[in-house]
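Put the complex together from the two separate chains, hints included.
Residue numbers (my numbering), protein chains in the order written: chain X, 10 to 120; chain F, 10 to 294.
Careful, some of the hints might be misleading.
If we take Cβ atoms under 10 Å as the criterion, some of the chain X residues that face chain F in the derived model are [what the hints assert, rightly or not]: (1) T24; (2) G25; (3) G27; (4) S28; (5) A30; (6) K31; (7) R33; (8) Q35; (9) I37; (10) L38; (11) D41; (12) R42; (13) Q77; (14) N78; (15) E80; (16) R81.
Since the hints were made in silico from the structure, they are not lab data. A quick note: this is a predicted structure, and the numbers were derived from the prediction, not measured. C-beta atoms are modelled at their ideal positions from N, C-alpha and C, and glycine is treated no differently.
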Amino acid sequence: MPGLFDRMFGRAPKTGSGSKAKERLQFILIHDRINLPPERLEAMKAEILQVISKYVSVDSNNVDIALQNRERTPAIVADIPFNKMIEHDDPDEDDPKPPKSPQKDAEKKPE
Amino acid sequence: MGANGGAAAKPQPPRKSATGAKVITVTSGKGGVGKTTTTANIGVALARLDQRVVLIDADLGLRNLDIIMGLENRIVYDLVDVVEGRCKLRQAMIKHKQLPELYLIPAAQTRDKTAVSPADMIKMADQMRPEFDFILIDCPAGIERGFRNAVAPADEVLIVTNPEVSAVRDADRIIGLLEAEGKKTPHLILNRVKTEMIRKGEMLSPEDVTDILAIKLIGIVPEDENVVSSSNSGMPLAFLDGSRAGTAYRNIARRLMGENVPFMQLDDNSGFLKRIQRLFGGQTG
Ligand SMILES: Nc1ncnc2c1ncn2[C@@H]1O[C@H](COP(=O)(O)OP(=O)(O)O)[C@@H](O)[C@H]1O
Ligand SMILES: [Mg+2]
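Extracted from the complex, chain F is given alone in its bound form (with noise of 0.2 Å):
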């Protein structure tokens, strides 16, 4: 089903939402940071909490979060393939196996990336709204027309970076960019955090970090080889409990969902202190 289901009735009736879904977009600037990573395990950890989701992947000719998704063999029709009208917005949604409340629209790997704008997000998030809790979007890197796509729709922006110059500063321009749109304040999440490192000073800090960009901490996620492997197996981490990326993903949908969580112990020694929250939005206290 799902993919292919065109013809066939709609498998169960629409549960409507109350307040229609909220749109987040994924985002940073810079390209390899964690945007896809992000988007699929914070997309797995909201249908876990049985919330429903719809991933787009607005990377136009670099398509990949079908593959971390473990979706790849089942592409029938893509986003483009539904702004340019070839099929309907419900056949191009992949509907995953193991959790019957997740789908992806993929995107195309070999078009124009022209062939769709801001208006066409807008118009397709607005299609799914009734039925959804929440549609992430995987935005491309840079501040092109691919950006300008994925943030048009946004209700609220994710940006993702890593604890090194070069992200910090593209993360920055991101931030400057939405300023401008008037977009609401993003949240942060900082991927690829090594502990020990940041021990020994020889690497930017959650609170470095928060302290130049000046927004909001909702996330902060651990380097882990166990990030590779489950990509290798198309099975985001947060599939699973216990490893600790996966964790801090999951944790990052709970906030998304309003929960107040505290931040999880990056290492086993020392551990996060209650104040650390007072680094995150107000959800958290």
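With the rest of the complex left out, here is chain X (with noise of 0.2 Å):
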């Protein structure tokens, strides 16, 4: 949602020091909230995904664990996808079959 003040003003879209101020404001105070500087929160999210690892295996290139302000109690909010199961090494069970309707298959061509 722009800002009031954004729109009384007109203000340049977040492109300021006064955005830059914000962001870094926001980032400074999350951590001052719970007390975690930011290498801590690194060890913290290192030590989930190796809990979650164990179990499942997880999609790491797509992992998104992030530390959130709701009003003023911070919280962590994360994202973490697994990797499809892969039941054996077929590769043609890998990609799966468009769903079938009649109309496409009246349309398609015979191979």
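Given below as structure tokens:
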């Protein structure tokens, strides 16, 4: 939602040092509020991933664990996608076939 | 009268307050953001609105509320003298000449900061509550003993900050400490706002700051060079009509009295919309 002041002052979109100040503050305060410096947070993230990886295969390229402020209450929000289950090594089984509809079947060229 | 009127009878029979004074502490964490200026101006503004007001300078060792108020030559006793029993509370209260319902209890300039405890502050405030409408406490910078003393008797806390990263960070710390102590959620005064810089995107806006701190604003005070000249002459701006910062302080005083005061225009061309009100506490609807 665009800020009131943005609309009132016709403020240039998020380029000045004001928005930089806001971003920096948000980062600083999130760590101040939980009293956890960035390095400790990284260690915690790694440990969370380790635990989950013991049970399932994690898609580590798409993990997103971040701190959030809800009003003044900090929370940790984790989005940890799993890898798709691979049952056996048959490559055909890896990409599922598109769902069939009668129409599509009709259009399909015979091979 | 006032400071050295200890032997004389009380000047006039004290009016009893129906509900007792509201004790308001002005704090910030960071130094130099405008606590003392704010305390002085809100005090003057409330007194001009016929409120009976006591200002307490709780910045032991670094007193300057007396200077801003132009009362430095009339100090006989101070806060520590009261606490240590060298004088009666009334004897340390300096009465303002132009506003006879406005008093100042100055800080000690030289004494040990541990001379006063939170319990002493609560006792002193309770003693004054029946005879006043507002007791305003000017808090020292920091989060140490002086801060604890100043917030101990507070019914309400006003946090002063500037639209700058370090000042807002310190404000957040103070809000967290007050939360942990179970104090009522404080209100925010954003001081030294420069409209032109906000317009250019070069300064945190009031909305940015309230987004981040998640507390309600009770005032936005513009940067105003009249603040300096009024400090020079010991006459807080709120004495005069016309200056922008003085008007902002007087609006805060009216909001503290429960009045629904719309936001003044910080800028002649654009001005504030009514919707700005949602940034404010319930009393402004
Ligand atoms: N709105 C304002 N516009 C211009 N100068 C200001 C404003 N508010 C405060 N100042 C100046 O900032 C300095 C610090 O203010 P002060 O009230 O002493 O801060 P604090 O009590 O928080 O240390 C003073 O020189 C004062 O004149
Ligand atoms: Mg001060």
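Status of each hint after checking the structure:
no.	hint	verdict
1	T24	holds (6 Å)
2	G25	holds (3 Å)
3	G27	holds (5 Å)
4	S28	holds (7 Å)
5	A30	holds (5 Å)
6	K31	holds (5 Å)
7	R33	holds (6 Å)
8	Q35	holds (6 Å)
9	I37	holds (6 Å)
10	L38	holds (5 Å)
11	D41	holds (6 Å)
12	R42	holds (7 Å)
13	Q77	violated (13 Å)
14	N78	holds (8 Å)
15	E80	holds (5 Å)
16	R81	holds (5 Å)
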